[in-house]
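Colleague: At position 76 of the sequence shown (counting the first as 1) the number is 76 in the UniProt record's numbering, and the numbers step up by one without a gap.
Since the hints were made in silico from the structure, they are not lab data.
In this text the structure is predicted, and so the values were computed from the model without any measurement.
Accuracy of the hints is not assured; some may be wrong.
Only pairs whose alpha carbons sit at most 25 Å apart, straight line, appear in this in silico PhoX-like list of lysine-lysine [claimed, not checked]:
1. Lys112 - Lys50
2. Lys72 - Lys112
3. Lys50 - Lys115
4. Lys89 - Lys72
5. Lys89 - Lys112
6. Lys50 - Lys89
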Amino acid sequence: MKEENERATSQVTATLLLVAITVIIAIILLQSFSIPDFNWGYSEPPVIFKITSISSSSPTYESQVFLRNIAKQDYQNQELSADIYCNDKLLPCTIETLNTHDFISTAHYGVKNLKGTGGSSETWNYNQLLRIDLSDGFIHPGDTITVDIIEIATDTVISRDSMEA
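With the sequences and hints as input, model every part of the structure.
Modeller: Pasting the structure below:
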């Protein structure tokens, strides 16, 4: 006749063995199915305002970024702002509006001025260009520049584009 201790050991061993077998079967089954990417609905913003060119030349590295509306849609440029990144680092410049008439360079540190048809009226129409003159020394040849255009009302990035200077 078996003692109580031997029966208790058998039950624990059997339970552990059953759990191990279940985990192995679950792993095998999961490998046979494709697991969805859990990015919770995040997708990279589209390119609506495309960087067409970037200029930066020595000795002062005077920097200019040119953007073109490539979407066949008009945007209220007073309702847009911009963030500019150099090598994934946010530049210390403030662009609270893309309307050239409302933009005041003295209140927007890091940006000398905005020029172009894209910001000269209330709407930034298809194919219109906007030039952003940044402070000297921000951009050097070989830097990767990213421009985020933000819808002010929702604080949402509606357009993102990158280019190497």
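Colleague: Now look at each hint and say whether the structure bears it out.
Modeller: Hints versus structure:
| no. | hint | verdict |
| --- | --- | --- |
| 1 | Lys112 - Lys50 | holds (21 Å) |
| 2 | Lys72 - Lys112 | violated (29 Å) |
| 3 | Lys50 - Lys115 | holds (16 Å) |
| 4 | Lys89 - Lys72 | violated (30 Å) |
| 5 | Lys89 - Lys112 | holds (20 Å) |
| 6 | Lys50 - Lys89 | holds (19 Å) |
The structure is inconsistent with the numbered hints 2, 4, although it conforms to all the rest.
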